[in-house]
Amino acid sequence: MAIPGARIVQEYPDRMRAMLRAVGETSITAGLILMLFCAYLLWGTGAYTQQQQLLLQSELAADRAARERLSAVRPGEALAVLRIPALGRDYEYAIVEGVGTAHLKRGPGHYPDSALPGQVGNFVLSGHRTTYAAPFNEIDELEREDEIVVETREARYTYRVTSQDIVRPDEVDVLAPVPGKPGIRPVRAFITLTTCHPEYSAAERLIVYGVLKESEPREE
Amino acid sequence: MYAWLWRKLPGTTRTRVLTALALVAAAVAVLWWVVFPLFEPVVTLDEVTVRK
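Residue numbers (my numbering), protein chains in the order written: chain G, 1 to 220; chain B, 1 to 52.
If you're looking for bench data, these hints aren't it; they were derived computationally from the structure. Remember, predicted model here, so these are calculated numbers, not experimental data. Heads up, the beta-carbon is just placed ideally off N, CA and C, and yes, glycines get one too. One or more of the hints may lead you astray.
Keeping only pairs whose Cα atoms sit at most 25 Å apart, straight-line, the calculated DSS-like set for lysine-lysine is [claimed, not checked]:
| # | chain 1 | residue 1 | chain 2 | residue 2 |
| --- | --- | --- | --- | --- |
| 1 | G | LYS213 | G | LYS181 |
| 2 | B | LYS52 | G | LYS181 |
| 3 | G | LYS105 | B | LYS52 |
Which residues of chain G face chain B? A partial, calculated answer using Cβ under 10 Å [to be verified]:
| # | residue |
| --- | --- |
| 4 | ILE33 |
| 5 | THR45 |
| 6 | TYR48 |
| 7 | GLN52 |
| 8 | LEU54 |
| 9 | SER126 |
| 10 | TYR132 |
| 11 | PHE136 |
| 12 | VAL172 |
| 13 | VAL174 |
| 14 | LEU206 |
| 15 | ILE207 |
| 16 | TYR209 |
So that you can see chain B by itself, here it is in the shape it has in the complex:
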């Protein structure tokens, strides 16, 4: 998968590395600000109230 992506990236090694880093950063940003906030309520590792 990653090898295939690497082959698809255009340009010299330098531009490839930079594009790859940008792609990783974009993926992390989408996870952090979009996906994780949606999933966070499902995880109840911090239930703090006392109730019946």
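The following block holds chain G by itself, in its conformation from the complex:
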């Protein structure tokens, strides 16, 4: 028994060779494009975020002059500045109001229904871990007592990290006024950071909890 197709190969060797080469070249091209797409996700998307961060920062500077009230900030506008000294001296992001896809592309976003910075309750932020400049890429490295600084137009709030957790994507209890304890009335000001976990996956969420350590008004 001859191998099926062997006759064709024998009769049209040139045509077969051309076809195989076409398949091979297409595969290699597809592979290269996929690799380039991965590079785009990891690094290309960050360029957009950096450009948007500049816009948000200048928005903050302008608002500060106008002394606009924090509660009047609408989705898509700049809310405050986030600093985490443990992640680097120059770790600084403008926080955008809202956690929609478009918002989070611009920087770490604040859940509109959660508390405002320094307020009693839970101040919740989400940020990208691997794409769009990946502001929350290293928050898994935060340890107890590390500081998370949030600077608004009026004051500087310093939170200290208390713990970390990994939860399912639908575990909305972490957003509660007292994180993890829905229905309980808060008496302290908490901060909660959420991002994806593990890296490059949407399977779970990494959560970092903190509590307000001190707040000081900003001088003019």
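Dock chain B against the given chain G, drawing on the hints supplied.
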């Protein structure tokens, strides 16, 4: 495909190489600034919020 393209390129080897590089650069630019931004929302490898 690539061999066919190479044969179609005019000029000396030097100009061919330069044209080929320019073509590759153009393809990369179109992918990077036009095609990838369109496809990026489809890939959800960086879902960061907690919601029901």
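Which hints, by number, does the structure contradict?
-> Hint check: 7, 8 and 16 fail, others pass.
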